[in-house]
Amino acid sequence: HGSCYDDAFIKAKSIEENNNSVFIHPFNDMKVIYGQGTIALEILEEIKDVDIILCPIGGGGLISGISLAAKEINPSIKVIGVQAEGANAMELSFKSGSLISLNSVNTIADGIAVKSPGDLTYNIIKEYVDDIIT
1 HGSCYDDAFI KAKSIEENNN SVFIHPFNDM KVIYGQGTIA LEILEEIKDV
51 DIILCPIGGG GLISGISLAA KEINPSIKVI GVQAEGANAM ELSFKSGSLI
101 SLNSVNTIAD GIAVKSPGDL TYNIIKEYVD DIIT
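Numbering (UniProt numbering), first residue to last: 1 to 134.
Read the hints as simulated data drawn from the structure, not as lab findings. Since the structure is predicted, the reported quantities are computational estimates derived from the model, not experimental observations. Where a beta carbon is used, it is the ideal one built from N, C-alpha and C, also for glycine. Take these hints with a grain of salt, some might be off.
Label pairs and their computed distance ranges (CB to CB) [to be verified]: (1) E85 - E127: 20 to 28 Å; (2) E16 - D49: 41 to 49 Å; (3) D7 - P75: 34 to 42 Å; (4) K48 - K13: 39 to 47 Å; (5) D130 - I47: 13 to 21 Å; (6) N103 - P75: 20 to 28 Å; (7) S14 - S76: 21 to 29 Å; (8) D131 - S21: 13 to 21 Å; (9) G86 - V22: 26 to 34 Å; (10) I10 - S76: 12 to 20 Å; (11) N19 - N123: 30 to 38 Å.
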């Protein structure tokens, strides 16, 4: 629904409030983040001596989970986020030191078209992610 994640979020929350339903946040939820962290476990099990993990960013859940798990196993692993230039709220937040929301996003990658990244993910990213690039 809508042109980006944020529009779909508003619609989903409306459905949740008007029905007997439960909304599971796709990135700003610790249980979801822990689940996404299992990807790092699989990476490190399959590939020995990983130096850098590159991870796409929308709202920040995937990279939050991956960075938490990877750094727990090997603190020297570099975790670098990659974000679309037209939807780079987390990159701007990371580099400015405070959470930033965009007025609009412009990317064909709709899965990462997020105007407002999560506060939970932002706090994890600023502690565990080494850099974010576009």
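Going down the list of hints, with the structure as the test:
Taking the beta carbon of each, E85 and E127 are about 25 Å apart, inside 20 to 28 Å as hinted. For E16 and D49, the Cβ-Cβ distance of about 44 Å falls inside the hinted range of 41 to 49 Å, so the restraint holds. Here the CB-CB span from D7 to P75 is close to 38 Å, well matched to the stated 34 to 42 Å. Here the CB-CB span from K48 to K13 is close to 43 Å, well matched to the stated 39 to 47 Å.
Our hint of 13 to 21 Å for D130 and I47 holds, since their Cβ atoms are close to 18 Å apart. N103 and P75 have their C-beta atoms about 37 Å apart, which leaves the hinted 20 to 28 Å range violated. The supplied range of 21 to 29 Å is broken by S14 and S76, whose beta-carbon atoms lie about 45 Å from each other. Distance hint for D131 and S21: a CB-CB separation of about 38 Å, inconsistent with the stated range 13 to 21 Å.
Separation of G86 from V22 is about 32 Å and conforms to the stated range, judged on CB atoms against 26 to 34 Å. Taking 12 to 20 Å as the suggested C-beta distance range, the pair I10 and S76 does not conform, at roughly 41 Å. The hint said 30 to 38 Å for the Cβ distance between N19 and N123, and at roughly 31 Å that hint holds.
The structure does not agree with the numbered hints 6, 7, 8, 10 stated previously, though it agrees with the rest.
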